[in-house]
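**Student:** Now for the letters of each chain:
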Amino acid sequence: MELKAKIPTGPIEQRWDRHRFEMKLVNPANKRKYNIIVVGSGLAGASASAAMAELGYNVKCFCFQDSPRRAHSIAAQGGINAAKNYQNDGDSIYRLFYDTVKGGDFRARESNVYRLAQISLNIIDQCVAQGVPFAREYGGMLANRSFGGAQVSRTFYARGQTGQQLLLGAYQALLREVATGKVIMFPRTEMLDLIVIDGSARGIVTRNLITGKIETQIGDAVVLGTGGYGNVFYLSTNAKGSNCTAIWRAHKRGAAFGNPCFTQIHPTCIPVSGEYQSKLTLMSESLRNDGRIWVPRKKGDTRPPNQIPEGERDYYLERKYPSFGNLVPRDVASRNAKSVCDERRGVGEHGLGVYLDFADAIRRLGKPGIRERYGNLFDMYERITGENPYEVPMRIYPAIHYTMGGLWVDYNLMTTIPGLFAIGEANFSDHGANRLGASALMQGLADGYFILPYTVGDYLASAKLPKVDTSHPSIRNAATCIARQTNRLLEIRGKRTVTSFHRELGRLLWDHCGMARNEAGLKMALGRVPELREEFWNNVNVLGGGEELNQALENAGRVADFLELSELMCLDALHRNESCGGHFREEFQTPDGEALRDDGHFSYVAAWEYAGTGKQPVLSREPLNFEHVHPAQRSYK
Amino acid sequence: MRLTLHIWRQKSASHPGRMVRYEHANVSPHMSFLEMLDVLNEELIAKGAEPIAFDHDCREGICGMCGFMINGVAHGPQRGTTVCQLHMRRFKDGDELYVEPWRARAFPVVKDLVVDRGAFDRIIASGGYISVATGSAPEGNTIPVPKKNADLAMDAAACIGCGACVAACPNGAAALFTGAKISHLALLPQGQPERQIRVLSMVAQVKEELFGSCTNIGECEAVCPKEIRLEVIARMNREYLKASWTARGDSVPDSE
Numbered sequence: 001m002e003l004k005a006k007i008p009t010g011p012i013e014q015r016w017d018r019h020r021f022e023m024k025l026v027n028p029a030n031k032r033k034y035n036i037i038v039v040g041s042g043l044a045g046a047s048a049s050a051a052m053a054e055l056g057y058n059v060k061c062f063c064f065q066d067s068p069r070r071a072h073s074i075a076a077q078g079g080i081n082a083a084k085n086y087q088n089d090g091d092s093i094y095r096l097f098y099d100t101v102k103g104g105d106f107r108a109r110e111s112n113v114y115r116l117a118q119i120s121l122n123i124i125d126q127c128v129a130q131g132v133p134f135a136r137e138y139g140g141m142l143a144n145r146s147f148g149g150a151q152v153s154r155t156f157y158a159r160g161q162t163g164q165q166l167l168l169g170a171y172q173a174l175l176r177e178v179a180t181g182k183v184i185m186f187p188r189t190e191m192l193d194l195i196v197i198d199g200s201a202r203g204i205v206t207r208n209l210i211t212g213k214i215e216t217q218i219g220d221a222v223v224l225g226t227g228g229y230g231n232v233f234y235l236s237t238n239a240k241g242s243n244c245t246a247i248w249r250a251h252k253r254g255a256a257f258g259n260p261c262f263t264q265i266h267p268t269c270i271p272v273s274g275e276y277q278s279k280l281t282l283m284s285e286s287l288r289n290d291g292r293i294w295v296p297r298k299k300g301d302t303r304p305p306n307q308i309p310e311g312e313r314d315y316y317l318e319r320k321y322p323s324f325g326n327l328v329p330r331d332v333a334s335r336n337a338k339s340v341c342d343e344r345r346g347v348g349e350h351g352l353g354v355y356l357d358f359a360d361a362i363r364r365l366g367k368p369g370i371r372e373r374y375g376n377l378f379d380m381y382e383r384i385t386g387e388n389p390y391e392v393p394m395r396i397y398p399a400i401h402y403t404m405g406g407l408w409v410d411y412n413l414m415t416t417i418p419g420l421f422a423i424g425e426a427n428f429s430d431h432g433a434n435r436l437g438a439s440a441l442m443q444g445l446a447d448g449y450f451i452l453p454y455t456v457g458d459y460l461a462s463a464k465l466p467k468v469d470t471s472h473p474s475i476r477n478a479a480t481c482i483a484r485q486t487n488r489l490l491e492i493r494g495k496r497t498v499t500s501f502h503r504e505l506g507r508l509l510w511d512h513c514g515m516a517r518n519e520a521g522l523k524m525a526l527g528r529v530p531e532l533r534e535e536f537w538n539n540v541n542v543l544g545g546g547e548e549l550n551q552a553l554e555n556a557g558r559v560a561d562f563l564e565l566s567e568l569m570c571l572d573a574l575h576r577n578e579s580c581g582g583h584f585r586e587e588f589q590t591p592d593g594e595a596l597r598d599d600g601h602f603s604y605v606a607a608w609e610y611a612g613t614g615k616q617p618v619l620s621r622e623p624l625n626f627e628h629v630h631p632a633q634r635s636y637k
Numbered sequence: 638m639r640l641t642l643h644i645w646r647q648k649s650a651s652h653p654g655r656m657v658r659y660e661h662a663n664v665s666p667h668m669s670f671l672e673m674l675d676v677l678n679e680e681l682i683a684k685g686a687e688p689i690a691f692d693h694d695c696r697e698g699i700c701g702m703c704g705f706m707i708n709g710v711a712h713g714p715q716r717g718t719t720v721c722q723l724h725m726r727r728f729k730d731g732d733e734l735y736v737e738p739w740r741a742r743a744f745p746v747v748k749d750l751v752v753d754r755g756a757f758d759r760i761i762a763s764g765g766y767i768s769v770a771t772g773s774a775p776e777g778n779t780i781p782v783p784k785k786n787a788d789l790a791m792d793a794a795a796c797i798g799c800g801a802c803v804a805a806c807p808n809g810a811a812a813l814f815t816g817a818k819i820s821h822l823a824l825l826p827q828g829q830p831e832r833q834i835r836v837l838s839m840v841a842q843v844k845e846e847l848f849g850s851c852t853n854i855g856e857c858e859a860v861c862p863k864e865i866r867l868e869v870i871a872r873m874n875r876e877y878l879k880a881s882w883t884a885r886g887d888s889v890p891d892s893e
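These protein sequences, in sequence, are chains Z and L.
Going by this note's numbering, the residue at position 487 of the first sequence is 487; the numbering climbs one at a time, nothing skipped.
Going by this note's numbering, the residue at position 175 of the second sequence is 812; the numbering climbs one at a time, nothing skipped.
Do not take every clue at face value.
25 Å max Cα-Cα, derived PhoX-like pairs, lysine-lysine [said to hold, decoys possible]:
1. K648/L / K684/L
2. K31/Z / K467/Z
3. K213/Z / K785/L
4. K785/L / K367/Z
5. K785/L / K495/Z
6. K648/L / K495/Z
7. K684/L / K367/Z
Examples of chain Z residues lying across from chain L (beta carbon under 7 Å, computed) [stated by the list, open to error]:
8. L25
9. Q126
10. L142
11. V178
12. S273
13. G274
14. K279
15. Y321
16. L465
The hints are simulated quantities; they were obtained by calculation from the structure and are not laboratory data.
Each residue gets a CB set at the ideal place from its N, CA and C atoms; glycine is no exception.
Kindly generate the complete structure, drawing on both the sequences and the hints.
**Tutor:** Right, here's the structure in full:
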């Protein structure tokens, strides 16, 4: 497949401006003739729906939860980056651009990242005007903090609930358009297939989760803002409902999948406590601003932390990375936690944990000072673990948090299927091989508010779309296929629950395609996944019927897709014979254990095309050119 | 731990429901309440019985999707905590627990512990926003907000829309929920242009839905997982009163 990234040329700071001028416009009177389908109501989906409805398009927005306000963007804690330079500490659009390309370990497109940094300014303005209650200084100005791996303070925040407040801003903008009638909202409705007619995306097949009714929706463009696929690992910081179904089924209809193996492990999560564990809880990375990470120097040291004297503690991040210390990027912090635990120096019941200690910060700032900054996080930690972090150090361990991979998109955020767009975490993203903290919210809103509304218009103005209605054979066909698949899941009546398959798959991926990967492990997983999939389709037990609210059935469909996507992830991880960002191949590391990139061979986006069940997917490569930020070994020493 | 659970089972909105007793012997104190139900559901499926339906998503206490009554208390016995964050160490071996869906006329039961909270979305759609089209915002720092106002607005904006306040209220009122959004926006300078029309429309929408009236009982505040304070209701009432007196179509400027 030829990948046309449609990246504008010319000076990087003028590319987006010029591109906006060159894109075609849709006459205001014609906008109301177009119907846009948006799947997902998180930061990307809600902002895109609201912005396009404001322009005059008719929007239908779908989410599987009971309200668009539940989307998982709501759980983002730390903040959102913007190059405002309000702190006068030397930030600029160029610096945010530079940090993001470098933080992503040189596997993102320069032009996209530059645009993202430019738009970061507009996002803050927009959110402030919507009434997002960002933290303020006493003079009434916006407050900032430094965050995960940045040496300037460019992160805007609303206590530990930034994602919630930004999402509610977008949700309110969305509901304002629901009230005007420009958006029709479909809650508790799940997309199960993409309808492609004459090569263009023209609609979706949905299941009403209350009645079980399979329906088709027709539109002139389809936008997927359905988030990431971190739940393929079963245990992740994602919401329980987060899934890959929309993007995976679009992939099976022809949309190339970009960099599926690029997954991010977040270093500061609460460790697993038992087999029944249903998800992992993130403790905001902002905690690393004041907490110090350490493990005992001695192997197998089981003394309680307060009995380990200062001299017998290893503050390993401060020791190895003196200039960044506890604030190294997520991939570096996670890998180091894993390696000290592999050395049997981990803490907690299962030895899978490291301490995040606030004793020094409490001495410096006092308990009230710490409570002011992190009170809600400390409370949450105590609720979950039963331990008081003001008295004993927190225990943390890395967990799957974000997926940089996703549907491949061009500069216009359009996938390889004309008329199908992917935004936010659902696309393969501007974060390269590793996302920096406080950048996900920025990207979701940049895509939804300020990029997609232009690029969708350009597509619609140039595309010649024939009229279709629900009687079209491909549409009837798609709906029938989905109904058949749903029934098949209900008819198996095997012996194992959906969750047991999901848990086994997650464990397999965590062990072999997680924080560290190697050829033998990936090959093993590639052998095991198809077996597990086969067993699933013969031995899963989904009770109840298809024409009612059936949560096990919903889950079964999602796990069935994870069982396919996981194979592609392993394949991608196996083919990428280098380490970069979140993708760490044990065979490729520097003598001191850092990721060893191979720019000569792997400076590209891997875009995989679906070739049919059981067939080897086809790889296309989009080369990455770095004209401004020159690839170098990342150093945080 | 062993628990005896009595859980509301109802096939759909049109079927009658009833309490069903379950003996649960497999409870670890480190489980969340929802994980305890997950384990019970796995056991039910193994026995060929349909699992219990309950809403949940983030399991971090922020999305607002989960929630039900435990022994008559919305979100259970721990203050400021959703059921997904409530851990079994709060209970004792041998406890007998009654688990029911939100009971409110405005929240019809969908299945088992799942209810329809669409009325909340309709309240927000009636005016719980600031009308600012994308792209038309001024530079962020041209709108200074006193820190105290920003903090109070954030306190109110922390609402997760779970519906516990309505379920706990003997009147089934949505005053805490509505008051929280009205307070959040009324406390900020950005919210001033639509301050009057907002409170009038939102209160009118609450009346359209099947919520009861607020009689200042305060059960809502006691169960709110985000500890939203009753003062948001007082502020809503003040806002409503002021707006009812002064808002007369277009003849009076909105800022008065």
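**Student:** State for each hint whether it applies.
**Tutor:** Hints, verified against the model:
1. K648/L / K684/L: holds (18 Å)
2. K31/Z / K467/Z: Holds - the C-alpha atoms of K467/Z and K31/Z are around 16 Å apart, at most 25 Å.
3. K213/Z / K785/L: Roughly 50 Å separates the two Cα atoms, so the pair is violated.
4. K785/L / K367/Z: holds (21 Å)
5. K785/L / K495/Z: violated (58 Å)
6. K648/L / K495/Z: Given pair K648/L, K495/Z holds - Cα atoms ~24 Å apart, limit 25 Å.
7. K684/L / K367/Z: The given pair, whose Cα atoms are some 51 Å apart, is violated under the 25 Å limit.
8. L25: violated (14 Å)
9. Q126: holds (5 Å)
10. L142: The hint holds - L142/Z has a Cβ within 7 Å of chain L, the shortest such distance being about 6 Å.
11. V178: holds (5 Å)
12. S273: With a minimum Cβ separation of about 4 Å from chain L (threshold 7 Å), the hint on S273/Z holds.
13. G274: holds (6 Å)
14. K279: With a closest approach of 5 Å, the K279/Z hint holds.
15. Y321: violated (29 Å)
16. L465: violated (25 Å)
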